[in-house]
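Visitor: Dock chain B against chain A, hints included.
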Amino acid sequence: MGADRLQRQSARNGWLLSLPALILLFVAAMGPLVIIVVYSFLTPGEYGNVVWEFSLDGWTGILFTRDIFDGTLGLADAHLTIFWRSVKLSILTTVATFALGFPTAWFIATRPAQQRGLWLFLITIPFWTNLLIRTFAINEVIRVEGVLNTVLLWIGVIDTPLAIIYTDTAVLIGMAYVYLPLMVLPLFAAIDRFDMRLLEAGYDLYASRWQVLRRVILPIVKPGIIAGSILVFVPSLGAYVTPRVLGGGKNMMIGNFIELQFLAGRNWPLGAALSVTLLVIVTAALLVYVKAANRGSNPHG
Amino acid sequence: MTEAVTIEARNAVKAFGQGEHVVRALDDVSIQIRKGEFFTLLGPSGCGKTTLLRLIAGFEMPTSGTILLDGADITDLPPNKRPVNTVFQSYALFPHLTVAENVGFGLTMQGRPKAEVSKRVAEMLALVKLEPMAGRKVSQLSGGQQQRVALARALAPQPKVLLLDEPLSALDLKLRKEMQVELKRLQTETGITFIFVTHDQEEALTMSDRIGVMSAGKLQQVGSPRDIYTRPVNRFVASFIGETNFLPATVVPGGVRLSTGDVVEVATTRPGAVTLTVRPEQVRIVAAGEAGAIAARVKFLVYFGTDTHCHLDLSDGTEVVARVQSPASGEAGIVEGSTVGIRFAPGAAQVLED
Numbered sequence: 001m002g003a004d005r006l007q008r009q010s011a012r013n014g015w016l017l018s019l020p021a022l023i024l025l026f027v028a029a030m031g032p033l034v035i036i037v038v039y040s041f042l043t044p045g046e047y048g049n050v051v052w053e054f055s056l057d058g059w060t061g062i063l064f065t066r067d068i069f070d071g072t073l074g075l076a077d078a079h080l081t082i083f084w085r086s087v088k089l090s091i092l093t094t095v096a097t098f099a100l101g102f103p104t105a106w107f108i109a110t111r112p113a114q115q116r117g118l119w120l121f122l123i124t125i126p127f128w129t130n131l132l133i134r135t136f137a138i139n140e141v142i143r144v145e146g147v148l149n150t151v152l153l154w155i156g157v158i159d160t161p162l163a164i165i166y167t168d169t170a171v172l173i174g175m176a177y178v179y180l181p182l183m184v185l186p187l188f189a190a191i192d193r194f195d196m197r198l199l200e201a202g203y204d205l206y207a208s209r210w211q212v213l214r215r216v217i218l219p220i221v222k223p224g225i226i227a228g229s230i231l232v233f234v235p236s237l238g239a240y241v242t243p244r245v246l247g248g249g250k251n252m253m254i255g256n257f258i259e260l261q262f263l264a265g266r267n268w269p270l271g272a273a274l275s276v277t278l279l280v281i282v283t284a285a286l287l288v289y290v291k292a293a294n295r296g297s298n299p300h301g
Numbered sequence: 001m002t003e004a005v006t007i008e009a010r011n012a013v014k015a016f017g018q019g020e021h022v023v024r025a026l027d028d029v030s031i032q033i034r035k036g037e038f039f040t041l042l043g044p045s046g047c048g049k050t051t052l053l054r055l056i057a058g059f060e061m062p063t064s065g066t067i068l069l070d071g072a073d074i075t076d077l078p079p080n081k082r083p084v085n086t087v088f089q090s091y092a093l094f095p096h097l098t099v100a101e102n103v104g105f106g107l108t109m110q111g112r113p114k115a116e117v118s119k120r121v122a123e124m125l126a127l128v129k130l131e132p133m134a135g136r137k138v139s140q141l142s143g144g145q146q147q148r149v150a151l152a153r154a155l156a157p158q159p160k161v162l163l164l165d166e167p168l169s170a171l172d173l174k175l176r177k178e179m180q181v182e183l184k185r186l187q188t189e190t191g192i193t194f195i196f197v198t199h200d201q202e203e204a205l206t207m208s209d210r211i212g213v214m215s216a217g218k219l220q221q222v223g224s225p226r227d228i229y230t231r232p233v234n235r236f237v238a239s240f241i242g243e244t245n246f247l248p249a250t251v252v253p254g255g256v257r258l259s260t261g262d263v264v265e266v267a268t269t270r271p272g273a274v275t276l277t278v279r280p281e282q283v284r285i286v287a288a289g290e291a292g293a294i295a296a297r298v299k300f301l302v303y304f305g306t307d308t309h310c311h312l313d314l315s316d317g318t319e320v321v322a323r324v325q326s327p328a329s330g331e332a333g334i335v336e337g338s339t340v341g342i343r344f345a346p347g348a349a350q351v352l353e354d
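Chain order of the listed sequences is A and B.
Just so it is clear: in the first sequence, position 146 is 146 by the UniProt record's numbering, and no numbers are missing.
Just so it is clear: in the second sequence, position 181 is 181 by the UniProt record's numbering, and no numbers are missing.
Source of the hints: derived by calculation from the structure; they are not laboratory data.
It cannot be assumed that every hint is accurate.
[As the list claims (entries may be wrong)] Only some residues are given here: those of chain B computed to face chain A with a beta carbon under 7 Å:
1) Phe59
2) Thr63
3) Pro79
4) Asn80
5) Asn85
6) Thr86
7) Ala92
8) His96
9) Phe105
10) Gly106
11) Met109
12) Gln110
[Stated by the list, open to error] Listed below are the simulated DSS-like cross-link pairs for lysine-lysine, each with C-alpha atoms no more than 30 Å apart in a straight line:
13) Lys119/B / Lys184/B
14) Lys88/A / Lys291/A
15) Lys35/B / Lys291/A
16) Lys184/B / Lys137/B
17) Lys177/B / Lys114/B
18) Lys160/B / Lys177/B
19) Lys114/B / Lys222/A
20) Lys222/A / Lys88/A
21) Lys81/B / Lys222/A
22) Lys222/A / Lys137/B
23) Lys218/B / Lys129/B
24) Lys291/A / Lys137/B
25) Lys114/B / Lys160/B
Please read all numbers here as calculations on a predicted model, not as lab measurements.
For each residue, glycine too, the CB sits at the ideal point set by N, CA and C.
Bound conformation, chain A alone (with noise of 0.2 Å):
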């Protein structure tokens, strides 16, 4: 009995010793967050701050736009083209990321053990580079005097520089590399696990070479495919830097979007409101895509 009571009192302690760590993550993870929250429930102030006074402008303001004349309210398309683009780039580099980081890791976790974390150290040397150094340095390149448009031209494949910069294929561009290790990383863990015996299982009950990698590999490294997807996709939908170097300011994402609000616009409700509509969207589209990954590969759950 006196042994319960002390282990129930050292139960205790254990969490009072970490209650320092946990308030401190309490307080900066959900004291932002109910700011933002608060904030895109108050009215814009006239030099960009807010006034305590409820209004759900700040709200309305992410699908409609009040006519400056009549103050009608009609739908924003301009907004809904940003969120538009927003999401398509994201799935874009999604999808761009797993093309080109799938074979990479395939070919890390095939080397010899003693070369793996070379090849590792490789991937995660940019990480060493600011982002928008990195940014720039591929803006850099595609540019219209840049180096790719330089050496087209020099060996005679185009006549006229390539237009890529400031388009939304710059931005892809951009937004695949800088996330492209993210999408390996997790990659390569889970076929580093693969058990490439199967390989020859697949092979000798006559599958293809298509059929193996479709009906044996991909389901098996599917955790690692949907890590990667989520490390990418969720920095892609809030991406700031990069449409903004490259996008050159008129092809805005989300996050550029925001910005504006809370800077230029003056409008920091409807930044708040934005916001909080990005992490939403975040979650849904998490939720949406985890299920569906999930779906069929394990039918007990």
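Guide: For chain B alone, kept in the frame of chain A given last:
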């Protein structure tokens, strides 16, 4: 009666490595495996038996030589185009599929209709007595059950040849004995040619119709278990399969003269120094000084239950082991340190070529 040949390897060579480090895992192996037989490739690890199996399966291409199936050259055919299935040492079951899906995998890949696949899967599961496990994940099965799934999976597409790569090595002794019987039953019931790879000589002797003994990338001898045991062609085969005695000898007219000076009558064609081999159970212990017996001294006895191993020294120190039936208790037996005579059963002694 000439039996139809299912699998044939002609001068198969498989070399690994480059330059000075070339290792010949298979060194000019030619073999014919008959339709419907249980053929065992036996040898120590690294002898090339698994390499030969992988050449037949199509996982490896021979450096030179050809592989034929029913007389047709299949050397360049990829594994998924060969009507040959493998039971892997590690089983290599698909962890993301159920037992039934594993068994049906080959049939599905062949594009057979769904109804046919599920009918065949049910048949195969019945054959290996795993019907209640159809919906389970393979990770929920015991080692012996996984083994049965691997067998059912490989047998389901009705291959012309089933290759088994040391499939019993991961099982414990009792289960291994059960599976040996099970494998033999499956082979008889399906009539499929089995090529079984093992390093376990007892397994090879009890299960096979014929055995191919391999060593150092070469096929040493092919024959029935009885042939291999009673008429080994060389020292390696004689020592790898069962226990045996080796006695240095010289060929003389009508037989060979042992190092002790005794002459043993045995058929031989080769003159010069040879090795005489005789199995322990073919060595008879007789009274010392009996006419024609070789004098020996009983060094020590090892009791094995049904029989007793007598370790004997000949007059020049050559050691010979004789296996005799253990005497009933109380009966006077052979005593350690006593002098006796030994004889070899007629026809039991063999002259080895090298």
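Visitor: Look at each hint and say if it fits the structure.
Guide: These are the hints, each one checked on the structure:
1. Phe59: Where the cut-off is 7 Å and the nearest Cβ of chain A is about 6 Å from Phe59/B, the hint holds.
2. Thr63: 20 Å, violated
3. Pro79: 4 Å, holds
4. Asn80: 5 Å, holds
5. Asn85: Hint on Asn85/B: holds, closest Cβ of chain A at ~6 Å, below 7 Å.
6. Thr86: With a closest approach of 5 Å, the Thr86/B hint holds.
7. Ala92: 4 Å, holds
8. His96: 5 Å, holds
9. Phe105: 5 Å, holds
10. Gly106: 4 Å, holds
11. Met109: Holds. Min distance 4 Å.
12. Gln110: Since chain A brings a Cβ to about 5 Å from Gln110/B, closer than 7 Å, the hint holds.
13. Lys119/B / Lys184/B: Holds. Lys119/B to Lys184/B sits at ~24 Å (cutoff 30 Å).
14. Lys88/A / Lys291/A: Distance ~20 Å between Lys88/A and Lys291/A Cα, so the pair holds.
15. Lys35/B / Lys291/A: Roughly 51 Å separates the two Cα atoms, so the pair is violated.
16. Lys184/B / Lys137/B: It holds: about 27 Å lies between the C-alpha atoms, which stays within 30 Å.
17. Lys177/B / Lys114/B: Status violated; Cα separation ~36 Å.
18. Lys160/B / Lys177/B: With Cα atoms ~26 Å apart, Lys160/B and Lys177/B stay inside 30 Å; holds.
19. Lys114/B / Lys222/A: 26 Å, holds
20. Lys222/A / Lys88/A: 22 Å, holds
21. Lys81/B / Lys222/A: Holds, at roughly 28 Å.
22. Lys222/A / Lys137/B: 17 Å, holds
23. Lys218/B / Lys129/B: 39 Å, violated
24. Lys291/A / Lys137/B: 21 Å, holds
25. Lys114/B / Lys160/B: The given pair, whose Cα atoms are some 22 Å apart, holds under the 30 Å limit.
In this structure, the hints that do not hold are numbers 2, 15, 17 and 23, in rising order.
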